[in-house]
Amino acid sequence: MTKALFAVIVVALAVAALMLPVLPAPEPAPGAAVDLPAVAVCPVEEGGGRATTIAVASTQSGTGRVSAFVGGAMAGSVPFETGSGAITVPASDLAAVGVVTGLVELPGPEAAAASLMVGTDSVGHESCVRSAEPLTLLSGGDTTGDREFEIHLMNPYSGEATVDLTVRSESGIESASQLRGIAVPSRSSVIVDMDEVLPGRESLAVAIDVTSGSVTAAGRLLSSGGIAIWNAVSPGQDWFLPIPSGGVDRVYISTGVGDDVEYQLDLYGPEGLVEAFDQGMVPARGSVAVDVAAAATAEAVAFRVVSTQPVGVFLRHEGEDGLALTSGSTVTASRWLLPGAGMAGGSGRIVVLNAGLEDATATITAYGRETVVKGPPVRAGTVLEFASISDGASAYTVTGEGLLVPMWVTTTGTATSYAGGVPLIDE
Amino acid sequence: MLSDAVRFTMSYRMTSASAPHVAEEPTTASSLDAPHVKVIVTLVEGADLGAALATVDRQVYGAIREVVVIGEANGELPSGVTRTATLEEAIASTGPEVEYLWILHSDARPRPDALSALVSEVERNEASLGGSKLLLAGTRDELESIGSATDVFGDPYSGLDEGEIDLQQYDVVREVAFVSSVSMLVRRDLAQGLRGLDDRMEPVAAGLDFSQRVRLAGGQVISVPSSEVYHQARCGERGRGWREQAGRLRAILKAYRLITLLWVVPFGLVVSVIDSLANLLLLRWRPAARHLASWLWNLWHLPSTIAERRRFRPVRAIGDEELFRFQARGSVTLREVGSEITDRILSVFDDDQALARGTKRLWSSPGIWGAALAGVAVIVGAWSIFFSGVPNTGFSFPFEPPSVGADRFFAGWNDSGLGSPDAVHPAVGVTSLVSFLWFGLEGAARTVATILFAVLAVIGMGRLAGRLGFRGPGRYLSGLVLLAGPGTALLVGSGSWMALGAAALLPWTVRSVFLHPTDRTRSWLTHAGLVLLWALILTAMSPVLGLVPLAVAVVWRLLGGSRSSVVLGLVSLVAGVVAAAFINDDRGWLLELDRRLGITASEWWPIAIAVAALPISLIEARTRRLGVLGAVLALGGLIALRIPFGGPGVEEAAALLASFGAAIVVAAALDDLSAEPRRLIAALGAVVILALSAGSLVNGRLGLPDGDDNDELGFASTLAGEGGPGRVLMISVDRSLLPGESRSGPGFWYRTVDGAGTTIDEVWMPESRSGDEALDSAVNRIASGAELRPGSLLAPFAIDWVVIVGAESPLQEILVSQLDLVPTPLLTGSEVYGNPAARPLASGDDGLLWARRGAGFGGAAGPGLMSILVNASDGWRPDPGSEDWHLTVSAADGSATFTGGGYLSYAPYAAAALFLAALALIGVGRARR
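In order, the protein sequences belong to chains A and B.
Anchor point for the first sequence: position 235 equals 235 in this note's numbering, and the numbering is continuous, going up by one each time.
Each number in this note's numbering comes from the position in the second sequence (counting from 1) with 1000 added on.
The set of hints was computed from the structure by calculation and includes no laboratory data.
Keep in mind that a hint or two might mislead.
[What the hints assert, rightly or not] Going by beta-carbon spacing under 8 Å, a handful of chain A positions derived as facing chain B: (1) I9; (2) A16; (3) L18; (4) V22; (5) P26; (6) P28; (7) G31; (8) A33; (9) V39; (10) Y157; (11) V373; (12) P376.
[Claimed, not checked] So the derived label-pair ranges between C-beta atoms look like this: (13) S1777/B <-> L5/A: 56 to 62 Å; (14) E1773/B <-> G47/A: 46 to 52 Å; (15) A1851/B <-> G47/A: 44 to 50 Å; (16) T1718/B <-> P30/A: 36 to 42 Å; (17) S1777/B <-> I425/A: 24 to 30 Å; (18) P199/A <-> L1827/B: 42 to 48 Å.
Glycine residues also receive a C-beta, built at the ideal position from the N, C-alpha and C atoms.
Starting from the given sequences, assemble the full structure and let the hints guide the process.
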């Protein structure tokens, strides 16, 4: 009896020890939602006949700071406070000389910054990059003739970064060792002089692969005293490109993927959307330059690029009125900031694409000594261009109900610059 | 009967009073009724056959029918003596009128009454085989054999000392495992059935073989000391030659059933190897050669052995158990060699060999071989600790200096994390005491204590099992299961040094609530003192485990046991005072499931435990009760690990209980090794448990993980600024990679450790206070990526360094884009960020800096306040205050000290008083005894 009882106890306990579910291993609390700080990385060039001004536009009040980093240290830092409006910080206030990395700590997510490089006969204007991406594309530059094409790799952060550049030109994939394992020290920037590394290339598609750390890249193209600055962009499959009146030479479509990519170029003309205005194939890790001069008329137009795999799209203009390059936008939004718009002097224009199916009212607001508001209607699928509405403005905003994409154009007679806007994403 | 008897000199005892009564009887009075005997004399090279035949002729026994000599002898045989070629032939040709065969070597010189004594006793005892007492010829009655026992491997164990003189101290007829073939009387019918002695064997082995077969055929084998035979020992080296050894191996191969051979042969091989190695240590090569020759010889003769087994099969009447009845436990060979080695060692200190004589008895205990094996396993299991010290990783941190540890234990400041007035884990008190006893050398004390734990665990289990009635080899081996069994392996594998200590102390504490079965001289004061003493240390190491002694006493009673004392178990609960403050201050340690380590025992454990325990539950009462007690504890512990109740304290106790129970099961299962199926299955289960346990010991650190976190984080001290090392914030998605307990962060675990090096008081994190909540907010903000300057956010916590350990965490991606934590390649496999913005741990006005001093802080005196970046508490002096979450004190005294408050702050003092009282009780109890 005792034997049986004991045996039953042993068996019952063993079965219980086997059958009871194992307690789940302790897990840490769920990961926090990522809420990256509102910062923007800007290319800064001070000296050499050009001066940079950092412009900050904001729809919210708050404090911020503009800092310049060079040689592993902070070269200078200027705090600022802004309400709903714009402020400017000349790079000279940052004690920065040469090509350096600028970091703008914005008052909040409803703010944006831009770099404006102004020389005697040159104007370069581009929005600063809000977030660094591990892979970006840069195209539109070349190293033929006297052109100087530089890639500015900026790392304002405390950790060192490493970058691989994959470049495809008309000669194929370039194998120059200088393009691999580029170390970008913390709080520094590195200039990759493409005209030295790869001289005489007409077409250069650059994929910037950040293998460690955080790096933001911008292109700088100098030609006969003119300058164009434009950002490397994260690849996407839908792009919008407003085109100002007076023409644009080429649209560059590049890809970082290892296969050929099909693309289609749709035209937003005066008559509305013309689908498949052009279509073709982007070679693997390369780019195509689409000559769109024929489409550019006396009126502003816009292009939409759709592709089967992610690409980067850039706009290049070169003429007697100077050299301009900018990247397209992968998003449409009802609210846009155009920091630095109107600061360079000359004549400024805003080009606004309504990519939606309904007409939209675009409210243009200039921030400067005084704020001027203007609200022209933009028909669905069309582009509207209008001149600056205020002298001495340092930023513009575009707000409306539709799917808008704006661009700021500066023309000084000897120089032209294109600058895309910064969307404010609706909550 | 024999005409040419050749006389030879006999001892004076030929006519002594000790001669058996039968020898004095008339030679022919009853010869007609007496059983007829045929004498078979086997030739031994060099022996005088004539002399042998003369002694046969002089036998007073009158019913000798025939004398046969086996083999080709030189010269003519006396009349009446015939010759036969083989023993088998001689046996086969014996007629039914003969009842007994007396097989005698030609180098044997039996006393005249030897045969009559043999016949008389064999008849009287209804035995089938009787052997004479052998005395060495030419000596003063030195005993050679009185019939022997053997061990399971067939090695003879006579129980005689070298050169032991016959003083008739063994003169009693008794059953023995075997008798020598020098002079044996066997029933004729049985001899014919068994076909006599194996002619391939030497005399002793042949005797063994024949005796075993007689016994398995259902016969009785007895030693007849009244039949005295002087033996010239020309027939072999008294059983020591390799042929003898080979013959004994052949004898067991012939006799045992297959199931017995399945374990005897492998064990026999192991014994041969150990004996060979041990003898080589003693600079003797012959035993190794003998073993080798013996195995090879048997391999060569395996076909004939198999044939012999087949021939014997029809005759076999009973099982091997009958042989086991007459066998000594363990290995005679190993016992002898072990004893010799011990003698040699002890002879260095033991001139008069008093200890050495004791070791002979010692090595005859089967438990001692288990202890030796366990000792070897402990040495192997701890070898790395001998050379490299105890690892500093997981939950295994170095001791603090004894004064600092004592300060913390007696209601001092708990410096874990951002600091707390909560009581430290009571193990800190034990470690400070150990450090103090080891002359303040805390590193050496820790190493010694760790090795001592291993030794204590093995000895403790052996002693406990001994008190519970076990004597087999499993009782010490079970200590290995306690050290590395189902729960201990997991706890110790995660670095829990305290669990290792608690495991080692548990059997001693449990033993103290079991009364000795026979020794009633120990007073209750001593019992109470011992219980208190052990329970205090055990409870300090693992507070919840302090309940186990009472639980074991109660379960034992429920299972029908009688020697456990529930009262003593209740006394052990008094020791809970040592942990009262800690448990009261950190109830989450006892109750919060989320704080568990999350250890999960393999599903093989309950299966192995059940396989070992179930057969035990079906055998005799004593072992059954103990086996079931072990199973209840082990399986209960494993079940508790799966029940969603309790915090890490409960988890620790459950895991250790599982190991403790499994150890008892192993001790029970290996207590009596035999081929009885239930015991065999239980033993197999126990071997599986041992094998599973031994696996975690092979790392040489008693299962503790490898690594030295303090060494890795040494840069925090080396690169510290003027304010001294601050804190290191350690982060990992894998909690086991962080030292000690950690807190849950968003998607990872984190904790702060002292930049000067972690110590044992930092193992557990005290309950969260305002500073910890502020740090948690800061960590959450950093993890969200919203903070561009995380270093500035961590600066108020004196965090000099952030270390992200192990696999990639989302935080690494986020820290790529920040401005003030400087990635510094100081560690391989971890990311280290320096925080230049960090504040000093203790700073005041005008750049005044203090450093840690004991359990407090100190430095130059000055005006104003010192900001000390620990959680604010009123227990600090002088002039405690708070700024935000952290402490401020007056800098006027040049030091800040902490004294805890509340009634439980006296609990550690009460525990210390109890400790002293326990020592006093033991002392008083012994004095009264």
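Hint check:
no. : hint                           : in the structure
1   : I9                             : 6 Å, holds
2   : A16                            : 5 Å, holds
3   : L18                            : 5 Å, holds
4   : V22                            : 5 Å, holds
5   : P26                            : 5 Å, holds
6   : P28                            : 4 Å, holds
7   : G31                            : 3 Å, holds
8   : A33                            : 6 Å, holds
9   : V39                            : 6 Å, holds
10  : Y157                           : 5 Å, holds
11  : V373                           : 33 Å, violated
12  : P376                           : 38 Å, violated
13  : S1777/B <-> L5/A: 56 to 62 Å   : 58 Å, holds
14  : E1773/B <-> G47/A: 46 to 52 Å  : 50 Å, holds
15  : A1851/B <-> G47/A: 44 to 50 Å  : 49 Å, holds
16  : T1718/B <-> P30/A: 36 to 42 Å  : 37 Å, holds
17  : S1777/B <-> I425/A: 24 to 30 Å : 27 Å, holds
18  : P199/A <-> L1827/B: 42 to 48 Å : 44 Å, holds
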